[in-house]
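Residue strings, one per chain:
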Amino acid sequence: MTGVIKVLTLDKAKKGNSLTVTKLPTGEIKSQLIRLGIGEGDLLKCIERLPGGTIVVQKNRQEIAIGFDLAKKIKISLR
Amino acid sequence: MFVKQNEIQVIDQGIAAAKKIVLVGNPNVGKSCFFNYMSGMYVDVSNFPGTTVSITKSHYKGNDVYDTPGIYGVASFNDEEKVARDIILSADVIINVVNAVNLDRDLFLTLQLIDMGKPVSVLLNFSDELKKRKIKINVEQLSEQLGVDVIPTAAVDKFGFDRIEEAINNARIGIQLDELTLICKPLMKNSVPQAESILILEGDSSIAERYNSVCGTADDREKIYVARRNRVSEIIDTVEHEDSKKGELFNLFGRLTLNPITSLPILAVMLVLVYLFIGVLISQIVVDFTENTLGRNLFEYNVKGFVGNFTPVEIDVSTSDAKGNSIIQRTFKFPGGLSADPELKDEFHKISKQNGMKSDFQYHNPIVKIFFGEFGIITMTISYLLFLLLPLVIGFYFVMAMLEDSGYLPRLATMLDRSFNRIGLNGRAVIPIMLGFGCITMANITTRLLGTEREKSIVTAILQFVIPCSAQLAVVAALLSGAGPGAMILYISVIGTVLIVLSTALNKMLPGESSPLLIDLPMMGFPRMRNVLKKTVFRSFGFMKEAGVWFFIGALGIGLMEITGLLVVWQNLLAPLTTVWLKLPKEAANAFVMGMVRRDFGAAGLFHMNLSIMQKTVAIITITIFVPCIASFVVMLKERGWKEGLLIWFGTWVTAFLVGGIVAQIVL
Chain S
51 MTGVIKVLTL
61 DKAKKGNSLT
71 VTKLPTGEIK
81 SQLIRLGIGE
91 GDLLKCIERL
101 PGGTIVVQKN
111 RQEIAIGFDL
121 AKKIKISLR
Chain Z
139 MFVKQNEIQV
149 IDQGIAAAKK
159 IVLVGNPNVG
169 KSCFFNYMSG
179 MYVDVSNFPG
189 TTVSITKSHY
199 KGNDVYDTPG
209 IYGVASFNDE
219 EKVARDIILS
229 ADVIINVVNA
239 VNLDRDLFLT
249 LQLIDMGKPV
259 SVLLNFSDEL
269 KKRKIKINVE
279 QLSEQLGVDV
289 IPTAAVDKFG
299 FDRIEEAINN
309 ARIGIQLDEL
319 TLICKPLMKN
329 SVPQAESILI
339 LEGDSSIAER
349 YNSVCGTADD
359 REKIYVARRN
369 RVSEIIDTVE
379 HEDSKKGELF
389 NLFGRLTLNP
399 ITSLPILAVM
409 LVLVYLFIGV
419 LISQIVVDFT
429 ENTLGRNLFE
439 YNVKGFVGNF
449 TPVEIDVSTS
459 DAKGNSIIQR
469 TFKFPGGLSA
479 DPELKDEFHK
489 ISKQNGMKSD
499 FQYHNPIVKI
509 FFGEFGIITM
519 TISYLLFLLL
529 PLVIGFYFVM
539 AMLEDSGYLP
549 RLATMLDRSF
559 NRIGLNGRAV
569 IPIMLGFGCI
579 TMANITTRLL
589 GTEREKSIVT
599 AILQFVIPCS
609 AQLAVVAALL
619 SGAGPGAMIL
629 YISVIGTVLI
639 VLSTALNKML
649 PGESSPLLID
659 LPMMGFPRMR
669 NVLKKTVFRS
679 FGFMKEAGVW
689 FFIGALGIGL
699 MEITGLLVVW
709 QNLLAPLTTV
719 WLKLPKEAAN
729 AFVMGMVRRD
739 FGAAGLFHMN
749 LSIMQKTVAI
759 ITITIFVPCI
769 ASFVVMLKER
779 GWKEGLLIWF
789 GTWVTAFLVG
799 GIVAQIVL
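So the sequence lines, in the order shown, correspond to chains S and Z.
Counting from 1 along the first sequence, just add 50 to a position and that's the residue number in my numbering.
Counting from 1 along the second sequence, just add 138 to a position and that's the residue number in my numbering.
Pulled out of the complex, with its shape left as it was, chain Z reads as follows (with noise of 0.2 Å):
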């Protein structure tokens, strides 16, 4: 969390010349259009030390611009507020962006910033949405009032963006609260600086421990915010002029998505529209070329290849029939490696290049095999996270991107606060269940939006627990879909109770009490696509450089039990509770083993079993609850700590079996 501030001066020192200029504002200010205009294609994502709330810099006119969360005011409360503030606290200037409709509570921030002494110039955006509603702001006495340049901007046509390098460079310290200044003073004669002495008279217990010094209470916090909010006030009061309550009418949509009769409907609509874009165009028809032909017939086929050529390898040519059983067709023996066979391999290319052909290569060197195989470092994972997930991150996070800037997610959040609280939760908690259905490693990084630890504890558990990622979600819906109505209520219901038994008792089993909503919700828009675009794009590019690397530990790890053995033993060991306690099968057993690596492995597994309806439904109800999948588990661990991480996975197993062997004795 700290930043190292001496690092941050020395290179800042290093090139005189290079200022660090910082974007702060409210949440949907159009901060971002700002940042996109000056960054131009050269943007850096990179993690927060300590956090994973990503922050992006780039260059501008030789200076460092950095993005930073959309915030209320500098403070501690949460993740992101933390970020801000020490992205903040080492700025050399700050570019204020404020909502020139929602002056009133921007303005909090603005006097904040100009509290904190740093040097401050104003962009106010949406100027352009001003007439329209009727409303006069006097620019100049705003000005005057706060010290500091008020520039008008408009994200439509770039209004006034020619004006940023002159906000940069007018950047000044505006005028501040008497009553802080003169408090103040005795801190700062201890060389603590003005920004971080406010933050300490605010009771920011950390920055108060970064310079050891006596914290502020929450009653002297108090003080300072009425303070502040009154003088907002007496600027509002004088600075704006409301000619008519014509702006209520411009959130009509917005209200209409909340209002009892028309926010289900709505509600409909969009889950349809969500469910088409990622349920049937992503997950079905983008991910099947991605997987089976870019992955599979492209990549594996190439790589796995051009390795046969210098190991001894058997490849196993099959089709596959109307059932999605693999019929072998022929079996080619290279002991010498392709290369030492070149007929055969001419052969072996004719065949295996046909339509609907599938090669599965097997060698025999276990090195080749741990970084080659089946589950290979090389060719496993990068074709999972190149070929499966990269295209269904990129489709979640392109849609909770439309969501959020649509002003959509707030609301979905607001409707949905009541079913959340009754599982100690908040409306917000939407958000990363919603992209556990996409991917749980991709949740639960996501937890950490949530307002305390209790939140986030219970967050992960349910998505490791009940949530099926898309992956497996397809396997599940093409299992149950030939089973009829009866199957598919009995695995709703099953996994409805698992849900609510296993929320219900977190939420009265951890200490502590949940953060309520409160929420902001901004004006209901179309989103523009550049931004929606540009955020997709860092946010997957920033999972990408996140999880994938534990992708590649999970695929070693698998890779060292096969070639070990310990694979073999799993399956033994397991086997047991599988025929006598589930009634499956013994191969059944293969399917939980796999599932620990990828989920949609385990239940793909059971494709090729003669499984009767209720089988079939007692094993995915088993394996949907069963452990998250090897990344999962290792992203968890790093953000839950081991106790909870460990205890969530075995947690999963106990449940799992013992929730499917109660179905299994029951319906078998």
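Only chain S is shown next, with the shape it has when bound in the complex (with noise of 0.2 Å):
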């Protein structure tokens, strides 16, 4: 591929669309984020992108559902 990676955050995503996670927001989130298996540099998928922007991820087997404010403050490069 020509190498052009887009800089997104989280709630931007598409169906579809799959992503790595390059920053995570700071503070207690970020714990409760790397817990669930969502850190920085791993791989999600978008399975959902619910209207008002909710999005559910995928994560390996795993589906996990990020509100929009949240989806917000999280930085992705798409795949």
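Please note that a few of the clues may not be correct.
Dumping the calculated DSSO-like pairs for lysine-lysine here, alpha-carbon to alpha-carbon at most 30 Å [as the list claims (entries may be wrong)]:
1. Z:Lys270 with S:Lys65
2. S:Lys109 with Z:Lys646
3. Z:Lys269 with S:Lys95
4. S:Lys65 with Z:Lys272
5. Z:Lys274 with S:Lys122
6. S:Lys62 with S:Lys123
7. Z:Lys646 with S:Lys123
8. Z:Lys646 with S:Lys56
9. Z:Lys269 with S:Lys109
10. Z:Lys361 with S:Lys123
11. Z:Lys646 with S:Lys125
12. Z:Lys270 with S:Lys95
Selected chain S positions facing chain Z (in silico; Cβ < 8 Å) [as the list claims (entries may be wrong)]:
13. Gly87
14. Pro101
15. Ile116
16. Gly117
It should be emphasised that the hints constitute simulated quantities derived from the structure, not laboratory data.
Think of the CB as a built atom: it goes at the ideal place given N, C-alpha and C, for glycine as much as any other residue.
Make one complex out of these two single chains by using the hints.
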């Protein structure tokens, strides 16, 4: 590929996008995300984007819903 | 919150053989199956000191077994975690249940438990799912990497359940993160146990306080968490092999529940099913039987009749006509009690036992009145608790357990998240608000689920201000049904406006930020009935145990007001407000006073008044916003503190009369 990597926030992800987490917000929420298996560098797939922007991602066989306000704070790059 | 560690140790030493076995696992790993298997019939449900997240305890082969709330890690990010953490800290043996299908998620907790230096055994549950999804897990290698026993299990056929005893006996300290054991050493020299040291390093300030130790920072925690996550990935890479991507198809229904096109029809079907179950079966058919047949005609009639033998009593025997008005058929007077006049007593029994007859006992002795009268502590409270509330509470907890175990509840929370965001909440708030339509008191307790104090305050306020409980809803629906669509639209839009204004205002005014939605969506599937029923029974019992006493105290308060004449004073005080401002008859004031005791009492009082359709609408709008019942009030004070509780309570007074009055001035 051309090596063009789009850097976005997770709320911009569309259904079906494969993405890499590049930066998580700091604080307690970061620990909660890491515990659930969403760490910086991890690969996710956006499997649903609900009206309003709630995002459902898939990591391996696990599905996780992430509220819009949190999704805005998670930086990703599309693959 | 603080577990009395010494006490537990003393107890444990007393019975040398009894170990404290604690079941730990992520949510939805099937932990309860194991607990049910081990506990058999005998289970204690108790509320953990300081919180009301309930813990269940039982016995298994001479040992104590504890179940814990499902958690993703040991920390103190919410009340459930704090409870689980303290039980884990006091455990002798930890049985860690993991979901084989989501091993990479679950191993974080496993490694943390191992790092804490507790003897652990791992049950690899759902191992039957692995074959179907063409996933291979090398159990021996996993066990070797963790340094503890790993036993494959499956709830179907109870596969592997016969090895639970082996798991308990073989539980041992596993292989810990090297970095951690090193940095723990200084703490452990100061006689802080290893488990506590780890949590202190991970920034758990309440544990640090217990040991007067310096607490780790959020950065420290992150570093440890990342290291642990990396180790999970390494382990997964060596022990797990997935042969196909077939797994995705398994959760087709789960996907459909969130798909923009299919989610709404699925939601509609769910709501209709819930309505048929709660709204028709439980609230109408079951409650009608328990409240009238068991409660009034059997329990109250016999208790009141028995007491009436020994004290002066006047009894009105009445029937009700098609409109629900009661017509007094005959009044019996027993100045010396029923026993003193056997002939009249026989006649009373003959008439009162005919179909459709209602007996209204009026005692003269004030003490007897307090215990057995209309608002009697014994008569009203017991029939309210057992014959009205209990069926409703069981019904609601059953539905919640079904939704929870089917995996739909987190999806519902996800679907509603954005709407809840607008009022400063996240999707999880759907749980207490749904329960509020059953019983506000029950819902008040459930606000503990929410992440921040701010969210708890907003939901508590919404519950007291605008959510009608099932008892009230039934009367409101009956009153509105004859009133036509105009009244219904007016009612819903006024209550809806109050909801939006109130929640928006609270969202703006309350400091801080609400917690965002971050929720794991489990596989959807048909719930196991045994687990659902057990959960329903535990929770209903727990609720009755916790809230029951407040219903008695509330009844005592009202009983005292009645005999001291304070009730009449109240009614007279309210009268001008009722007639001038709300444009309702003077007697409507009674409805507001009664509404403070039981919300349906208030609304039911309106049946007997000759009101126009719009007057009815004004009255029920006011009654809906008006104060919660006495039990909700007391539980709210306990949950949210005096200041906030009283503020909400008085707020409902002001808002009810303000909004009701404005509507009255416009439409009447």
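We went through each hint and held it up to the structure:
Among the hinted pairs, lysine 270 (chain Z) with lysine 65 (chain S) is consistent with the structure: their alpha-carbon atoms are about 27 Å apart, no more than 30 Å. Note on lysine 109 (chain S) and lysine 646 (chain Z): the hinted pairing is violated, with a Cα-Cα distance of about 35 Å set against a maximum of 30 Å. The straight-line distance between the Cα atoms of lysine 269 (chain Z) and lysine 95 (chain S) is roughly 24 Å, inside the 30 Å bound, and the hint therefore holds. For a cut-off of 30 Å, the pair hint linking lysine 65 (chain S) to lysine 272 (chain Z) stands: about 26 Å separates their Cα positions.
Among the hinted pairs, lysine 274 (chain Z) with lysine 122 (chain S) is inconsistent with the structure: their alpha-carbon atoms are about 36 Å apart, more than 30 Å. For the hint pairing lysine 62 (chain S) with lysine 123 (chain S), the CA-to-CA distance comes to about 11 Å; that is within 30 Å, so the pair holds. A C-alpha spacing of about 21 Å is found between lysine 646 (chain Z) and lysine 123 (chain S), which places the hinted pair at or below 30 Å, so the restraint holds. For the hint pairing lysine 646 (chain Z) with lysine 56 (chain S), the CA-to-CA distance comes to about 35 Å; that exceeds 30 Å, so the pair is violated.
Restraint check for lysine 269 (chain Z) and lysine 109 (chain S): the C-alpha separation of about 20 Å stays at or below 30 Å, so the hint holds. Between lysine 361 (chain Z) and lysine 123 (chain S), the direct Cα distance comes to roughly 20 Å. Compliance with the 30 Å bound is thereby established for this hinted pair. For the proposed pair lysine 646 (chain Z) and lysine 125 (chain S), the alpha carbon gap of about 28 Å is at most 30 Å, so the pair holds. The hinted pair formed by lysine 270 (chain Z) and lysine 95 (chain S) meets the criterion: a straight-line CA distance of about 23 Å does not exceed 30 Å.
Here the hint on glycine 87 (chain S) is kept, as its CB sits about 5 Å from the closest CB of chain Z, short of 8 Å. Among the interface hints, the one on proline 101 (chain S) holds; its C-beta lies about 6 Å from the nearest C-beta in chain Z, closer than the 8 Å criterion. For isoleucine 116 (chain S), the shortest C-beta to C-beta distance to chain Z is roughly 6 Å, which falls under 8 Å, so the interface hint holds. Taken as an interface hint, glycine 117 (chain S) checks out: its beta carbon lies about 3 Å from the nearest beta carbon of chain Z, inside 8 Å.
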